[in-house]
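All chains, please: the whole structure from these sequences, using the hints.
Chain by chain, the residues run as shown.
Protein chains: 4
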Amino acid sequence: MNSSSALVVEPEHCLEQYEVVRDQTMRLVEPLAPEDTVVQSMNDASPTKWHMAHTTWFFETFLLEQFDADYAPFHERFKYLFNSYYNAVGEMHPRPRRGMLTRPTLDEVVSYRRHVDARVIELLRSPPSAHRAEIVRIAEIGCHHEQQHQELLLTDLKHLFAQSSMHPTYRGPLPLPSGAPGEIVWVGVSEGIRRIGHPGDGFFFDNEVPSHRVFLQAFELADRLITNGEYLAFVEDGGYERPELWLDEGWATVRREGWRSPSYWLLEDGSRREFTLRGVRELEPHDPVCHVSYFEADAFARWAGARLPTEAEWESACQAGSSDGGFLEGDRLHPGPDAGTTGIRQAFGEVWQWTSSSYGAYPGYKPLDGALGEYNGKFMCGQYVLRGASCATSRTHARRTYRNFFYPAARWQFSGIRLARDAR
Amino acid sequence: MNSSSALVVEPEHCLEQYEVVRDQTMRLVEPLAPEDTVVQSMNDASPTKWHMAHTTWFFETFLLEQFDADYAPFHERFKYLFNSYYNAVGEMHPRPRRGMLTRPTLDEVVSYRRHVDARVIELLRSPPSAHRAEIVRIAEIGCHHEQQHQELLLTDLKHLFAQSSMHPTYRGPLPLPSGAPGEIVWVGVSEGIRRIGHPGDGFFFDNEVPSHRVFLQAFELADRLITNGEYLAFVEDGGYERPELWLDEGWATVRREGWRSPSYWLLEDGSRREFTLRGVRELEPHDPVCHVSYFEADAFARWAGARLPTEAEWESACQAGSSDGGFLEGDRLHPGPDAGTTGIRQAFGEVWQWTSSSYGAYPGYKPLDGALGEYNGKFMCGQYVLRGASCATSRTHARRTYRNFFYPAARWQFSGIRLARDAR
Amino acid sequence: MNSSSALVVEPEHCLEQYEVVRDQTMRLVEPLAPEDTVVQSMNDASPTKWHMAHTTWFFETFLLEQFDADYAPFHERFKYLFNSYYNAVGEMHPRPRRGMLTRPTLDEVVSYRRHVDARVIELLRSPPSAHRAEIVRIAEIGCHHEQQHQELLLTDLKHLFAQSSMHPTYRGPLPLPSGAPGEIVWVGVSEGIRRIGHPGDGFFFDNEVPSHRVFLQAFELADRLITNGEYLAFVEDGGYERPELWLDEGWATVRREGWRSPSYWLLEDGSRREFTLRGVRELEPHDPVCHVSYFEADAFARWAGARLPTEAEWESACQAGSSDGGFLEGDRLHPGPDAGTTGIRQAFGEVWQWTSSSYGAYPGYKPLDGALGEYNGKFMCGQYVLRGASCATSRTHARRTYRNFFYPAARWQFSGIRLARDAR
Amino acid sequence: MNSSSALVVEPEHCLEQYEVVRDQTMRLVEPLAPEDTVVQSMNDASPTKWHMAHTTWFFETFLLEQFDADYAPFHERFKYLFNSYYNAVGEMHPRPRRGMLTRPTLDEVVSYRRHVDARVIELLRSPPSAHRAEIVRIAEIGCHHEQQHQELLLTDLKHLFAQSSMHPTYRGPLPLPSGAPGEIVWVGVSEGIRRIGHPGDGFFFDNEVPSHRVFLQAFELADRLITNGEYLAFVEDGGYERPELWLDEGWATVRREGWRSPSYWLLEDGSRREFTLRGVRELEPHDPVCHVSYFEADAFARWAGARLPTEAEWESACQAGSSDGGFLEGDRLHPGPDAGTTGIRQAFGEVWQWTSSSYGAYPGYKPLDGALGEYNGKFMCGQYVLRGASCATSRTHARRTYRNFFYPAARWQFSGIRLARDAR
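Chains as they are written, first to last, in numbering that gives the first Met the number 0: chain A, 0 to 423; chain B, 0 to 423; chain C, 0 to 423; chain D, 0 to 423.
Note that these hints are calculated values from the structure, not bench results.
Here the structure is a predicted model, which is why all the values come from computation and not from measurement.
You may find that some hints are simply not true.
Stated by the list, open to error - Below, in silico cross-link-like pairs of lysine to aspartate or glutamate (DMTMM-like), each with a Cα-Cα straight-line distance of 25 Å or less: (1) Lys377/A / Glu240/C; (2) Lys377/D / Asp236/B; (3) Lys377/D / Glu240/B; (4) Lys377/C / Glu235/A; (5) Lys365/D / Glu243/B; (6) Lys365/B / Glu240/D; (7) Lys78/B / Glu248/D; (8) Lys78/C / Asp247/A; (9) Lys365/B / Glu190/D; (10) Lys78/C / Glu267/D; (11) Lys365/C / Asp247/A; (12) Lys365/C / Glu190/A; (13) Lys365/B / Asp421/D; (14) Lys365/B / Asp247/D; (15) Lys365/A / Glu190/C; (16) Lys78/A / Glu248/C; (17) Lys377/A / Glu256/C; (18) Lys78/B / Asp22/B; (19) Lys365/D / Asp421/B; (20) Lys78/C / Glu243/A; (21) Lys377/D / Glu235/B; (22) Lys365/C / Glu240/A; (23) Lys377/C / Asp236/A; (24) Lys365/B / Asp236/D; (25) Lys78/B / Glu64/B; (26) Lys377/B / Glu229/D; (27) Lys78/B / Glu243/D; (28) Lys78/C / Asp268/D; (29) Lys377/D / Asp247/B; (30) Lys377/C / Glu133/C; (31) Lys78/A / Asp22/A; (32) Lys377/D / Glu133/D; (33) Lys78/D / Asp368/D; (34) Lys365/A / Glu248/C; (35) Lys377/A / Asp421/C; (36) Lys78/D / Glu243/B; (37) Lys78/A / Glu240/C; (38) Lys78/B / Asp247/D; (39) Lys377/B / Glu243/D.
Spelled out as structure tokens, the structure:
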């Protein structure tokens, strides 16, 4: 099966989802000045304006141009400007130069969104019956695609604001967190054949299937995330000065980049502070540690006498993981402390959790047909899988089989640590 | 003499000058969207917003903080953000990261300008008599400093707009040029001792003095600038493929950068076009060639069997150079064709003219005292002198002894070519 | 079990092995001029002289300094110069500067080898009984370590010679190959739980254990290697110009490096030739394709409608793989054509075979104790596993469970392609 | 006049010169192992073997191929391998890859030299009368060219040896220096028109002519070189930490490179030592400071309240400079202390002296005809002139009008400091 949605979703549901998702993007942009939406702070990040336009381009290209016979492009250059990486769709504006595009302005991009929204809504209201299933399928991919970009919009913006010594705040200060997590409890899973991957009911990306069997040795998974306080103990134990704790490439990165702590930690006048989307504040010891790279997660685990889970372990153990995190809808824009007591907690909605699994194809993997086949498969090299979901992920976007992936040196996502260990 | 202005300028004249110059900057920004004012398109360029704030910082730092006892800084971080390169004034925001500053917004920068303007105007209206001369002197430097940044604001903006495939236009299209320059006439100057450098009446920068004697061999200077048409003949004669025409470092640059023509020339469907601040248009053969590097000017001269003038030659020969160019006030924002017939023409107000003189100190050179001593002297290495003035230079900023300077690979200024040759 | 050799090897056998391996290195150096042994042609490669000294340092550091109470270092600086990457042993000469070491000369390195050989032989002849097992264990690791460097010595030398337009030959021309491989036959393996990893009898590296169970889906493996002729069809079908065939990072590498064919292929006057350690010769269509990166192997497989095997698949299917390749002892120094007819052939002794498995830890993996713990574990990031053995591998060094690993862009090893596919 | 030698030199004198110069090169190589002659330690440096072959290629290309009708090239690839930068002669081996050439070996290069020597000697013994003058002219250029490369051979070798923590010594230790220089005495020169450049009798390079008049202001020149002791005072006064002392580009270089002292100074256990071609030794306070860049010379001068001389000043003042330095023939391979008392001393034979003059063309400059026209002219950009001669320069190579030139960050030459100042 190489489709990403097996069950037929009704157009009316799809239309509702479309409107919710598109509105969410506009709400995220509200606190920003036009100036904030233009700049690209590093090659891996994109300007807010670009995210807004690219997600719109996606619907224009894969939906309107295919299924709306009367549709004329909003602007002929946009096809080139807002293509991200779909070679099959044609040439594209080079990624590291997205920040050179002062035009179209924010206002013009908003007009572009409205123009496309009107036509998409019309199409979803009365889809030609011959393509109805395909239209719904692509609209749904487009919504999930836009949710991915909502998370990136926030993490890219956080990175940008962190570059400025003005330390702009995106939103007002966080409420004080509550909760004092207890000692980690190790949840055991016995050896055996497990089935992982998406079973095929509801929406999923092509990289989550086929569902398939794997053999797992017995292991144990930590019931909660690693906290700032625990990570600080690693830092203060010389974690960033001891090569024996690090992968060779991790150690080279630490030295080249001068890393001494997670990204966005500040050391001012001897006190530890943290830059967040809601301003600079004291480092909260009970919050989950965040903005660590794979290298740091791996080194911390080694220091702690444990290891990172594989993605199969994570998925098997989080079977019954309660979805009690904050998510994007919780509006904290920062992970919060564990307040639970039983079972595996904080699996979703606080921070993405690095696994030791290199991102690759599942047995029998088939990319989507056509240009959308470039969505996932071509990135299956050199990256590591993160599982769960973060405080910047939409609740409706998260699921147990979801495979997020980033390069091992990446730190600008809301990425944290959950430990595993071999069964004793 | 290490002062930059020997004659006492009256405060009232200075005040008028201040208001004219500050207004001019605001007029330049009028056609821009906030998004256009944020981005830094290369390390050598700065965002519009930064130019607006830095020129204001200059008056705040060197005038208000020194001579206005009650003055409180508009914003404490601005001292750090908008210092360009004055080490003596303290730490500064790194130059290549000026484009990361989405805040202060354009509106806030405008408020900053108004705030400082009000206080400076008050100070110039009733300067404390003890510091009156010094206040006038620094205000005058500040005005000329801002005029320099007005030119950079335009050339940096042109560079930024050229990066975008949207090809934004800064202003409406140019009127069609008129004029068909005749053959170059060589104006001879006999050998002998000449005096160059500023004589000391009126405003000048420290790098223009002391006025001093030099011995010049007999030489000849072209009466007009090289045109696009003449430069195109060089291009079509394989100018960019023949190493024997180039300086070693120039040839390496041509190959590394893939240069095939001046900057901003476009080749579309076989026809030559040119990107200007007033849109893309056909390449005009009679316009002065523009946006060439020192390397290209030098190679063209070699190809033409001539050479570039030294700055002493240029200054000696342009003694009576008529100032008939467009300048910034002419509002063409692009150099125009020669329409004259006698004497040396186009010396000022069309394009800066590369000389073969490395930028260095005049005999007996002394930098200004204090932080302003960093204005010129520390850049006297590796750069070449350009003489004249361009279509982006204020008429009141130009003078015969003015020494502009850029690295030999720089092309984003309005820089062109005037030839010289040894006397026959 | 975290030891690398479970069964007790007798010292006398170990001594014989030591002498054979050390002699082999000296034989490899025989055809070289001193000048050939100094230069480092890229960061990933090392000079011949460095390989000769580093392998000697290994015995000196881990054997003589530990177990020979009277041993005085041959030269005090060598500890620093010839440490490769063992942080636990102390500071080391930076890897990219190994080519700066013109001293010690080749003759001095040979003396160093002789000096250490004499003491090691003595130690192995009459090991102190208290440390007998440990001495034998480390001596054996040292021999396998030196065999790894023998292969690198040859591949690094090939890279160096390829940089010179003199095209030096290491040895005289190859005998003409014989054999015309038939069509690929797909050998099927049914689904089920398989055991992979070294069972623990005889020598193995720590990364090959623990032996453990995995669940494999049914699959098929090609019975022979991909040939130059088959790869040429990919090249001529535009393989290097079609982004849809490549991983995203692979495509970026192709464009950045300008790859148009495997490394060491030459296109001279329209005919395809190949640079080998035995001179430049016509491209032999029946030889296995060689010096391809992971990216190229992956793109070829996609073009061919197949995929690369996982390392577990490779190991399961090659259970009975005949070891009929040339190996280092065969002295061809280049892979030869398949001449067999049944079963899986060319598994060992021609080229290493890229697998789709990212190099990582087996479940329950434990690095060796002490400094030797840095041998393998810290490289488990970003690299891909190759299986089999090449024409530059010693026959006594190869085994079915061996895990070689390189970065996906590496091409200077004897690396080739064996295809797999899902069961039909 | 665009010839480099106006007077006719007799062939027999030329032959003698040829033999002396060619022998000198071979003597310089004597202390080296083959391994020392291969490696290129940075892009600006060349391997010893390359210098030996390139100087030979010069005679082969410009003399034998032109005037010896029977001459067949020693090896067809050498034309490509050993061309340095003469585009007119054809394609060439890329400069940064000269260290990849392990072949030809040192022995083969020696054979190449012998082969060419035999033919050149024969040609100089009985030159065809039609080309006699031209042959002598080119032979003489070739000898001076080889003398330039002798100096580079030594400075490149010193750089290479300094990269190795083995600290190889080229020759046995230096005799202890004697001499304790007195305070600097300033030698005054009055204002007026001076003539500089080579008058045309004897050998000179094309960049030394035409001789021409310049107008000089009154100035004073230091009678001796700056010593290590004086430079150390600058270092200890925070010279490398004070941006106000440096050119902008110099300060950027100091920070990027981490400079804290001249090149080859060592700080070991709190004591200052210096790496020389004759081993590491205590820093001698009376020796001339050496291996400083233009940036350091300029900053030192500013700190000392003086400035560097222009090249015209240097040449005018050193009119009667005694040539009493060590030169290459003195065999110290390191500059020695001033022991004189009157007049301008140490002008030649200790260290090259940075001037504040950017390297450019003299008025009326004409490059040589043909390929030799690339000798000097194309480097006239971005470099600074050094005057005098060093302890690695042949006595017969030095002259008052000689213009040496290097980039302002270069430190691997024997380059030092002589101060000037405006007349009081």
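These are the hints, each one checked on the structure:
1. Lys377/A / Glu240/C: holds, 16 Å
2. Lys377/D / Asp236/B: Holds. Lys377/D to Asp236/B sits at ~20 Å (cutoff 25 Å).
3. Lys377/D / Glu240/B: holds, 16 Å
4. Lys377/C / Glu235/A: holds, 23 Å
5. Lys365/D / Glu243/B: Holds, at about 14 Å.
6. Lys365/B / Glu240/D: OK: Lys365/B and Glu240/D at ~22 Å, within 25 Å.
7. Lys78/B / Glu248/D: holds, 23 Å
8. Lys78/C / Asp247/A: holds, 21 Å
9. Lys365/B / Glu190/D: holds, 19 Å
10. Lys78/C / Glu267/D: holds, 20 Å
11. Lys365/C / Asp247/A: Holds: Lys365/C and Asp247/A sit about 16 Å apart, inside 25 Å.
12. Lys365/C / Glu190/A: It holds: about 19 Å lies between the C-alpha atoms, which stays within 25 Å.
13. Lys365/B / Asp421/D: holds, 11 Å
14. Lys365/B / Asp247/D: holds, 16 Å
15. Lys365/A / Glu190/C: holds, 19 Å
16. Lys78/A / Glu248/C: Within the cut-off at roughly 23 Å; holds.
17. Lys377/A / Glu256/C: holds, 19 Å
18. Lys78/B / Asp22/B: Holds. Lys78/B to Asp22/B sits at ~23 Å (cutoff 25 Å).
19. Lys365/D / Asp421/B: Given that 25 Å is the threshold and the Cα spacing comes to 11 Å, the pair holds.
20. Lys78/C / Glu243/A: holds, 19 Å
21. Lys377/D / Glu235/B: Given pair Lys377/D, Glu235/B holds - Cα atoms ~23 Å apart, limit 25 Å.
22. Lys365/C / Glu240/A: Given pair Lys365/C, Glu240/A holds - Cα atoms ~22 Å apart, limit 25 Å.
23. Lys377/C / Asp236/A: holds, 20 Å
24. Lys365/B / Asp236/D: holds, 23 Å
25. Lys78/B / Glu64/B: holds, 11 Å
26. Lys377/B / Glu229/D: holds, 24 Å
27. Lys78/B / Glu243/D: At roughly 19 Å apart (the allowed maximum being 25 Å), Glu243/D and Lys78/B satisfy the hint.
28. Lys78/C / Asp268/D: holds, 21 Å
29. Lys377/D / Asp247/B: With a Cα-Cα distance of about 5 Å, the restraint between Lys377/D and Asp247/B holds, given a limit of 25 Å.
30. Lys377/C / Glu133/C: Distance ~23 Å between Lys377/C and Glu133/C Cα, so the pair holds.
31. Lys78/A / Asp22/A: Judged against 25 Å, a Cα distance of about 23 Å means the pair holds.
32. Lys377/D / Glu133/D: holds, 23 Å
33. Lys78/D / Asp368/D: holds, 20 Å
34. Lys365/A / Glu248/C: This hinted pair holds, its Cα atoms lying about 19 Å apart.
35. Lys377/A / Asp421/C: holds, 19 Å
36. Lys78/D / Glu243/B: holds, 19 Å
37. Lys78/A / Glu240/C: holds, 22 Å
38. Lys78/B / Asp247/D: Between Lys78/B and Asp247/D the Cα gap is close to 21 Å, so the pair holds against 25 Å.
39. Lys377/B / Glu243/D: holds, 8 Å
Consistency note: the structure conflicts with none of the earlier hints.
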